[in-house]
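Chains as they are written, first to last, in the working numbering: chain A, 114 to 443; chain B, -15 to 277.
In case anyone wonders, no lab produced these hints; they're calculated from the structure. Quantities reported herein were computed from a predicted structural model and do not represent experimental measurements. Mixed in with the good hints, there may be bad ones.
Claimed, not checked - Restraint-style ranges between C-beta atoms, simulated for each label pair:
#	chain 1	residue 1	chain 2	residue 2	range
1	B	V50	A	L301	46 to 52 Å
2	A	A361	B	Y(-3)	55 to 61 Å
3	A	R437	B	H162	50 to 56 Å
4	B	G195	A	F124	50 to 56 Å
5	B	R(-1)	A	E337	58 to 64 Å
6	A	F434	B	S40	21 to 27 Å
7	A	R438	B	E77	51 to 57 Å
8	B	Y(-3)	A	F124	34 to 40 Å
Said to hold, decoys possible - To be clear about the criterion: a stretch of chain A counts as covered by chain B if any three or more of its residues have a C-beta under 8 Å from a C-beta of chain B, and this derived list gives those stretches:
#	region
9	191 to 203
10	434 to 443
To be verified - Partial chain A-side listing against chain B, Cβ under 8 Å, derived:
#	residue
11	M114
12	W116
13	L117
14	T118
15	R120
16	G187
17	T188
The beta carbon of each residue, even a glycine, is placed where N, CA and C say it ideally should be.
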Amino acid sequence: MTWLTWRQLRFPVLSVYGALALAGVVLAASRPARGPFGDQELLYMGSLLAVLLLPAVLGVFWGVPMITRELETGTHNLVWNQSVTRSRWLAVKLGIGLPAAAVAAGVLSLVVSWWADPIDTAAGLDTERSFEPRVTPLVFAVRGIAPIGYAAFAFVLGIAVAILVRRTVTAMAVTLVVYAAVQLAVPLAVRPHVLPPVGESVTLTARTIAGIQTEPGPDGDVPESLKVFTPAGAWVLANETVDANGAAVRPLPAAVGHCLPPAQTDPITLPELDRIRACFAGLDDLGYRQHLAYQPASRFWPLQWAELALYLALAALVTWFCFRRLRTLS
Amino acid sequence: MTVLSARGLGKKYKRCWALTGCTLDVPAGHVTGLVGPNGAGKSTLLGLAAGMLAPSSGTIEVCGGVPGSGPAQLAKVGFVAQNAPVYANLTVEEHLRLGARLNPGWDDGLARARIARIGLDPALAAGKLSGGQRAQLALTLGIAKRPELLLLDEPVASLDPLARREFLQDLMEAVAEHGLSVVMSSHLVADLERVCDRLVVLVDSRVRIAGEVDDLLATHRRLTGPRRDVDTLPGDQQVVSVRHTDRQTTVLVRTEAPILDPSWDVGELDLEDLILAYLTNPGAGRPGLEVVR
Chain A
114 MTWLTWRQLR FPVLSVYGAL ALAGVVLAAS RPARGPFGDQ ELLYMGSLLA VLLLPAVLGV
174 FWGVPMITRE LETGTHNLVW NQSVTRSRWL AVKLGIGLPA AAVAAGVLSL VVSWWADPID
234 TAAGLDTERS FEPRVTPLVF AVRGIAPIGY AAFAFVLGIA VAILVRRTVT AMAVTLVVYA
294 AVQLAVPLAV RPHVLPPVGE SVTLTARTIA GIQTEPGPDG DVPESLKVFT PAGAWVLANE
354 TVDANGAAVR PLPAAVGHCL PPAQTDPITL PELDRIRACF AGLDDLGYRQ HLAYQPASRF
414 WPLQWAELAL YLALAALVTW FCFRRLRTLS
Chain B
-15 MTVLSARGLG KKYKRCWALT GCTLDVPAGH VTGLVGPNGA GKSTLLGLAA GMLAPSSGTI
45 EVCGGVPGSG PAQLAKVGFV AQNAPVYANL TVEEHLRLGA RLNPGWDDGL ARARIARIGL
105 DPALAAGKLS GGQRAQLALT LGIAKRPELL LLDEPVASLD PLARREFLQD LMEAVAEHGL
165 SVVMSSHLVA DLERVCDRLV VLVDSRVRIA GEVDDLLATH RRLTGPRRDV DTLPGDQQVV
225 SVRHTDRQTT VLVRTEAPIL DPSWDVGELD LEDLILAYLT NPGAGRPGLE VVR
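Next up, chain B with everything else stripped away, as it sits in the complex (with noise of 0.2 Å):
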């Protein structure tokens, strides 16, 4: 089952395009995450599986219908954007009301352990919480609504290192408890590594590569061994990266089969080195012979 899926889904903002050609499918019951760098439209694709931005081409369906519809589809995603907006003036205790009076499927119980647990004080204006309290009262609106599918856009961007974990643990725990489905985007590959199963890379407006973490690295591999040139390679090994020196190549692919040629050094990868392969290499194609030193 996919609680996302996107076919052709771009986005133009007036000239120019923050997403193109998307073609994405995200299997429920996992946490998915978003990586690329600024401007590569993670927060675009977040926004129009939340039905915040309308779709310029393509269509998206979010949990089997079209994001923002309607009341029904609404209840269904949660949404915690960028720098977790919360109303400055309302208490703690009243955004916890809001959040019952405008979703059928509020979990006040939920809600409420979780405010104590974090130690909010319900009495407290929500523009007197610190960056790390203020995400977290945001997560708790979009978990106590009980959605089949949360959208978090850089939810631990605001938060210094011991709050960043603390809220991922957190958010892991509501995910084991109740089951949803998770996106998150962010550019640090530590967090998305701590709980992450699968992963998005978007680099310059487009998608990069889509899947399981755990598959991602068991079929990339480096390569390294004496210089030559990467198109003699089989052509079932794609290039992702190629590096060259004076004596020696560097060449990070991905294939499904082993690497037979014993003139190869093979070398495992970890999710970071992956990452960063395809963030500083957007073309992808076979660059020709250059020595870079």
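Isolated chain A (complex conformation) (with noise of 0.2 Å):
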């Protein structure tokens, strides 16, 4: 049984290992000494694409045409015929084609972690936040251990799929569907509260306001809300001006409405930045703090592993489905 997955799925695993030594070879050459000087910035973009693609490729083109190849010719006729149980059948492919996914895409996340780290550990010194801090949600999803996780439970997803659907194309479309929208609601919905993240509340001072939010009002602009600076590296989930008994308001209150300066077109002064900056600070006396919340940068590695276990938990459900629903699969 395994000679006859590895002739079946040998290709594509050597098609994809042989374009990894490619990109590794590509990173190896071309490694930033320091932080970011610009050159690197295709590169870094494309090997953050490549990451966050990586999985979904695999559970995509590995894991569906595993299976329905099988269903649309008929040829699981002819294998489950033979003297091999189709459990055992499917805990073989399963066998080869898990470690595979899950060993490539922990190489490409890896490789490309080491290449990256200068500029990571730049992005975590510089509070001006001109590339984004790995504990971010769009670079945590292509650095550390995380995409193996990711990987394994696409090409689980992509097996149960191909198994519910029975159509190539149909079970693609739908298993890159299903990937995508469990890739958007983690981070969104379920990463921020694994860790309970740290809250801080910063009295607003001219020196703590990093930035105004104005819409445009009938007469001028009205100020929306305030940021104040955010610790260096951290992934910040809130940063909202609350008032005395902790609710967030928004717009700020029409006390310090009169700060903005009005309608001009010339550039802000910084004297008259930082007057306006004393003047929202006026907003601490009428009781008014702000409320941070954020995971600090010493958090990667926790929510790495625990993003790990969470994807490869999800893997083992789906794998379990996977064996049941084969039972009545015809």
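Relying on the hints, combine the two individually framed chains into one complex.
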């Protein structure tokens, strides 16, 4: 069974590993010495996309056809009538495909993490946020060990959808949609709560205010919200002004409506900016504070392990479902 | 000894029953033909026997076990599905390797001898074979596994008459040589006549009749005589089909006893007449007197 499965899977596996080796060589030759210098931007975005897409590609182009090709050509009738149970048939497919997918995604992610380490280090120290720190969702998903879990999950998801749908193209589309939905839902709804975020109450002063967001109103701009400076390298979940009772206020109270300068086209000068900040800091006297919630940069590895565990658990659940449905498949 | 025994077996797809109330015993050492119109449940019955499908009602036992229940059971039953599926991108040689690796009882000498005799090039990809060659390759995999029971679903449907004759000849040789039991479905009566010594007729998801071909031929008679109502026939004569003209009545009956009524002209039946009579008269009852011109 192992021989047959490898015979069927060797072309896709070898082509993906070949592409990975090529990507590894390109990245090794071009690793930036220190922080970002601009010419690395293309590779930075390219590697980000590659790690983001690889698990989906493995699920769609390895997982799905592994099952639907047999069902569509009827060869499941041939292989299930040798002296091998269909459970064993699936177990061997998973036993070869799953590690191959997990290792492929893991290797790519670790190579990219190593390549981007100087950029990530710089981004982690930078409070101006010209590059996203690695604990923020977009970069988090393409660094460390989480992609191993993504690939394992995407691969078994492809198999499960193939068992349910039975048609290659439909199953590929469904797999892609479901995987994308999970990949969106986890950073939005699950990951922020895996570890309780650090909460902080910041006093509004001219120094802590980082920016003011305005909305156009009937007579000039109206201040909508304030942002304060956040810790370097953190994933900020909340940065909002709250009143004495702790309720978020948006837009800002009318008391600071006069702080904005009258509509003008000239760029605001620095002393002027300081005056505006000081004016908004007056909110502090009215009992307003700024509420901050964030995952600090130091949580990167704990969150990575939690993410890996979550996706491996999902993969195990889907695998169990596959074996259950396999019994009634014909 | 029976190789296949079904009790009240049924299979339901979504809302409609593909097979209902099937009670059947297939003795070992025979070639049993499964015949019926399209959609009668032939493939379903074979799929249930191979363990490819799970029954919705009733039970089925094949070679003393539940179909598809484990490697030992799978080793006892060979199944060549409709259209003889093979891996298009694997060569003939690789198919033999597949058979050898997946079957503990694999007879490699037999497989290679068959491939050589049929004249298949071992290095050729199975996708490049003709329909007949593919069927032969699939049958080789089925036989070289050395099963006790070989199930063949329309094995000759895609073959031209010459290839069909060769294929069946070949099958008969394998049966004689290895003493395996075969259940094969077909809607080509001539093929079944050539190779089958037992027959199961499926009509409308039910078993209409099952038995040895010789017995079936010996117990069915065509009676022709003056027009009369078939209700007047003796009770031991089971009416299969009846046809009236203005003056004449032709009845096909199944009976163990000799026909004593002198008004009947008694005729013999061949297998094709017999099967067609069952296929065209699924109702089985005694229809009232009506004129068919």
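That 50 to 56 Å hint for R437(A) and H162(B) (C-beta), does it hold up? At 38 Å between Cβs, range violated.
Using the C-beta atoms of A361(A) and Y(-3)(B), is the stated range 55 to 61 Å upheld? holds (57 Å)
Assuming the hint says 50 to 56 Å, is it satisfied by the Cβ distance from G195(B) to F124(A) or not? holds (52 Å)
Interface hint for W116(A), Cβ within 8 Å of any Cβ on chain B: For W116(A), the interface hint holds, since the closest Cβ of chain B sits about 6 Å away, which is under 8 Å.
Restraint outcome when T118(A) is required to lie within 8 Å of chain B by C-beta distance: With Cβ-Cβ at 11 Å, over 8 Å, it is violated.
Next item in the hint list is L117(A). Is there a CB on chain B closer than 8 Å to its CB? holds (5 Å)
With 8 Å as the cut and Cβ atoms as the points, is M114(A) at the interface with chain B? holds (6 Å)
Interface hint outcome for G187(A) [beta carbon to chain B under 8 Å]: Holds, about 4 Å.
Hint check, T188(A) versus chain B [nearest Cβ-Cβ separation less than 8 Å]: Holds, because the Cβ-Cβ distance from T188(A) to chain B comes to roughly 5 Å (cut-off 8 Å).
Would you say the C-beta atoms of V50(B) and L301(A) sit inside 46 to 52 Å of each other? Between V50(B) and L301(A), where Cβ atoms are some 48 Å apart, the hint holds.
Against the range 51 to 57 Å, how does the distance between the Cβ atoms of R438(A) and E77(B) compare: consistent or not? violated (34 Å)
Taking beta carbons only, do three or more residues of the region 434 to 443 of chain A come closer than 8 Å to chain B? holds (count 3)
Going through the hint list in order, the structure does not satisfy hints 3, 7 and 14.
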